[in-house]
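Participant: Sequence:
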Amino acid sequence: RKRALGTGRIPFVPRAVLLCILPPVAVCLIGLPYYTAALKDRLWSPYHDWLKPSGWVGQSAGWLCFALFLFLWLYPLRKKFRFLEFTGPLGKWLDVHIIAGVLVPLIGAIHASWRFEGLIGLGYYSLLVVAASGVVGRYLYIRIPRRRGGLELSKEEIATARRELLGQIVVVTGFSAGHVESLLRPVAAPRGGFWATLTQLVRDDFTRRRAIAHLLRDWKRRADAERPSPALLKRVGRLARREMALSQQIRMLDATHRVFRLWHLFHQPFAIAAFIAILIHVGVVVTLGATWIPVGR
Numbered sequence: 100r101k102r103a104l105g106t107g108r109i110p111f112v113p114r115a116v117l118l119c120i121l122p123p124v125a126v127c128l129i130g131l132p133y134y135t136a137a138l139k140d141r142l143w144s145p146y147h148d149w150l151k152p153s154g155w156v157g158q159s160a161g162w163l164c165f166a167l168f169l170f171l172w173l174y175p176l177r178k179k180f181r182f183l184e185f186t187g188p189l190g191k192w193l194d195v196h197i198i199a200g201v202l203v204p205l206i207g208a209i210h211a212s213w214r215f216e217g218l219i220g221l222g223y224y225s226l227l228v229v230a231a232s233g234v235v236g237r238y239l240y241i242r243i244p245r246r247r248g249g250l251e252l253s254k255e256e257i258a259t260a261r262r263e264l265l266g267q268i269v270v271v272t273g274f275s276a277g278h279v280e281s282l283l284r285p286v287a288a289p290r291g292g293f294w295a296t297l298t299q300l301v302r303d304d305f306t307r308r309r310a311i312a313h314l315l316r317d318w319k320r321r322a323d324a325e326r327p328s329p330a331l332l333k334r335v336g337r338l339a340r341r342e343m344a345l346s347q348q349i350r351m352l353d354a355t356h357r358v359f360r361l362w363h364l365f366h367q368p369f370a371i372a373a374f375i376a377i378l379i380h381v382g383v384v385v386t387l388g389a390t391w392i393p394v395g396r
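Sequential numbering of the sequence shown, starting at 100, is according to this note's numbering.
It is possible that some hints are incorrect.
Subject to a maximum C-alpha distance of 25 Å in a straight line, what follows is the list of computed BS3-like cross-link-like pairs (lysine-lysine) [stated by the list, open to error]: (1) Lys191 <-> Lys178; (2) Lys254 <-> Lys191; (3) Lys319 <-> Lys333; (4) Lys254 <-> Lys178; (5) Lys254 <-> Lys179; (6) Lys191 <-> Lys179; (7) Lys139 <-> Lys151.
Calculated directly from the structure, the hints in this document are not laboratory data.
Full structure from sequences and hints, please.
Facilitator: Given below as structure tokens:
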């Protein structure tokens, strides 16, 4: 059951984001002289046939961006319909959703040759808002304790998990439960709206680091025979991080839920606006035949 709790770490995959983002960043760096040139000068650039929106790289980026954007809409379907559970846990889906969401604006910029005007500009800036709000949404999502499958834990389950973690810390360190709780006790939940809650969540992340460092220093100072090994310190730090994260999360649970609902109201309209703008753009391109891919021919 302990393994079923997904609250001890942030299951985000920054290394995967870095690996996926390297190729488009490389294209942008190689094409920097072209992208920074005036429009009339681009026609004479050796990169023009490759990097223009209808070029080999530009249009390939456009179709890849479109495919990734369509893929983004699979996550809401996975979340809505329970019969799709066989496709994988929600947490993994959300990780891939975030990676794709970060890539779409960058690949879209390559397709547009970093020029955003008219309908393309509307769609692109909507994409940027969706991507930025998606990162915030992911941050809020992992502040709601869940099982690995993505289902939310009840307050009773969170309290039980906290007691188990506290007991393990007491056994390993030899401290009393009261002393450990006094070191890891979170501050009272703030009253306020979106920004007050979000600010407190970020503040909690830093508070947790300081409290755990204090606990480990106290343990090393009070150790009777010999200093705890690095492996043991790491284990206690991990247990304390999970325990304090759960304490902070249950204290902020109602406020986080309210903020998460507000976030949905903000995120979805921009996602729909971007979707409509991109569909119109692709429809016009295919209808006019402005593509080297034989679509509809």
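Participant: Each hint should be assessed against the structure and marked as holding or not.
Facilitator: Quick rundown of the hints versus the structure:
1. Lys191 <-> Lys178: holds (12 Å)
2. Lys254 <-> Lys191: The given pair, whose Cα atoms are some 24 Å apart, holds under the 25 Å limit.
3. Lys319 <-> Lys333: Holds, at roughly 12 Å.
4. Lys254 <-> Lys178: holds (22 Å)
5. Lys254 <-> Lys179: holds (23 Å)
6. Lys191 <-> Lys179: The hint holds at about 15 Å.
7. Lys139 <-> Lys151: holds (12 Å)
Hint check: no violations occur; every hint is consistent with the structure.
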